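From first to last, the protein sequence lines stand for chains A and B.
Note that this note's numbering gives residue 463 to position 181 of the first sequence, counting from 1, and the numbers run on in steps of one.
Note that this note's numbering gives residue 1501 to position 3 of the second sequence, counting from 1, and the numbers run on in steps of one.
These are calculated hints, taken from the structure and not from any lab test.
Every value quoted in this text rests on a predicted model; they were computed, and no experiment measured them.
Careful: at least some of the hints might be erroneous.
[As the list claims (entries may be wrong)] With a straight-line cut-off of 25 Å between C-alpha atoms, the simulated DMTMM-like cross-links for lysine to aspartate or glutamate are:
no., chain 1, residue 1, chain 2, residue 2
1, A, K645, B, D1514
2, B, K1515, A, D517
3, A, K612, A, E643
Spelled out, the chains give:
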Amino acid sequence: MSNIYSAIKISDHVYWVGAIDWTIRDFHGYTTPRGSTYNAYLIMADKITLIDTVKAPFKDEMLSRISSVVDPSKIKYIISNHSEMDHSGCLPEVIDMIKPEKVFASAIGVKTLKELFHNEHEIIPVADGERLSLGNMELTFMETRMIHWPDSMFSYLAKDELLFSQDAFGMHLASLERFTDEIPQATLEYEAATYYANIVLPYSAVVLKALDKVSATGWKINIIAPDHGTVWRKDLGKILELYSKWAGQKPTVKAVVVYATMWHSTEKMAGAISEALAGEGIKVRLLSMNETHRSEVVYEVLNAGALIVGSSTLNNNILPQMADVMTYLKGLKPANLIGAAFGSYGWSGESVRHLEEMLKEMKVEIAAPSVSTKHVPDTAVLAKCQELGKTIAASLLKRINDTR
Amino acid sequence: MTKYVCGVCGYVYDPDKGDDDGGIPAGTSFEKLPDDWACPVCGASKDEFSPE
Ligand SMILES: [Fe+2]
Ligand SMILES: [Fe+2]
Ligand SMILES: [Zn+2]
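Generate the whole structure from the sequences, applying the supplied hints.
Following this line, the structure appears as structure tokens:
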């Protein structure tokens, strides 16, 4: 049988044996224009060990890559660091096929895998801090609950000074390059940030604790091998710093204006607000939900200081495109934001009130009076929008000064 | 007052601190938390918690 797939060696004893998903563009609602990879890793220890598996349809690609190094039936242990199906989808089939001696997961991982696959495979729970001998080397486990599922854990291979970090420090980026330092810097920072914003953001408080927990172990880490995208082997301080920056969510001199419009009235208001903000020295992102994907919005909101939202009133409601992004943002819990609402209406005008309520639920501090107008905004209304922009700008600048 | 641990994510509810974001003032015992109170980290309900 010809095999087009090969493993890629990432350290003395570890090979990348994952799969590349060149065509995925929608990862449960998060847009992934560059595709992704599902990373699995093979440790060539006395007890040959597989760290995580891949999404179900990619099983053969993973097995082919493993076969380029060793017969898969020689694998003795499988570790599931994260139960989500992009990393466990083919696990039951792989267990049946290669019949490993033992399969391990965190205690919650054991339960989750049962709830996903409803089968009789025995999976052995490992505790936070537990060590597992692979014969000539050893793995240490660290629970990382809620980064980003309750079952999530890290595995550390001291022998190669390598941390298997499952979804943490990952990105959705399909590439044949296996290392981060082979990817253009701008692509990297964008994809790592958008991954953080769309997946990890709601658990930022947990991330800060986990970063401390990792440094408290005193583990020497030379390589970070995540479950998506490329492997970090240079400049590890950089990605750790970025994670603590994103998790810290300190407001910056940046406002995101997000709106949806029917007949360009709400759009004109958005324009007036944005121009006024920029006039006060605030960086502005103006995003129309008629054209923008929700994942793009949350990327922009990550480390912004203000979120200003607008919608026309449609049948006593906000526009569905705004409902979409507001629901998404609420779940991702961006913190430390100020904001305001605006919008145009034809007769009843509920949208602005609804948006204000949603902002409050998201714990966004309303820092300027909302502006709402019947039909097309006139000069007086546009002046009010400019006023809104200026008020937000002043409040944001003061906030940033106060937290300095 | 007893601290309670979330069985899903490990968050610890400390009555001496309360839960600011959830509008719970310091000094509120776990028993006194409203029934619809949820873990501030993972959103699990009160019945997922056990005494530390
Ligand atoms: Fe995940
Ligand atoms: Fe994942
Ligand atoms: Zn919890």
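Verification of the hints:
1. A/K645 / B/D1514: This hinted pair holds, its Cα atoms lying about 23 Å apart.
2. B/K1515 / A/D517: violated (39 Å)
3. A/K612 / A/E643: At roughly 8 Å apart (the allowed maximum being 25 Å), A/E643 and A/K612 satisfy the hint.
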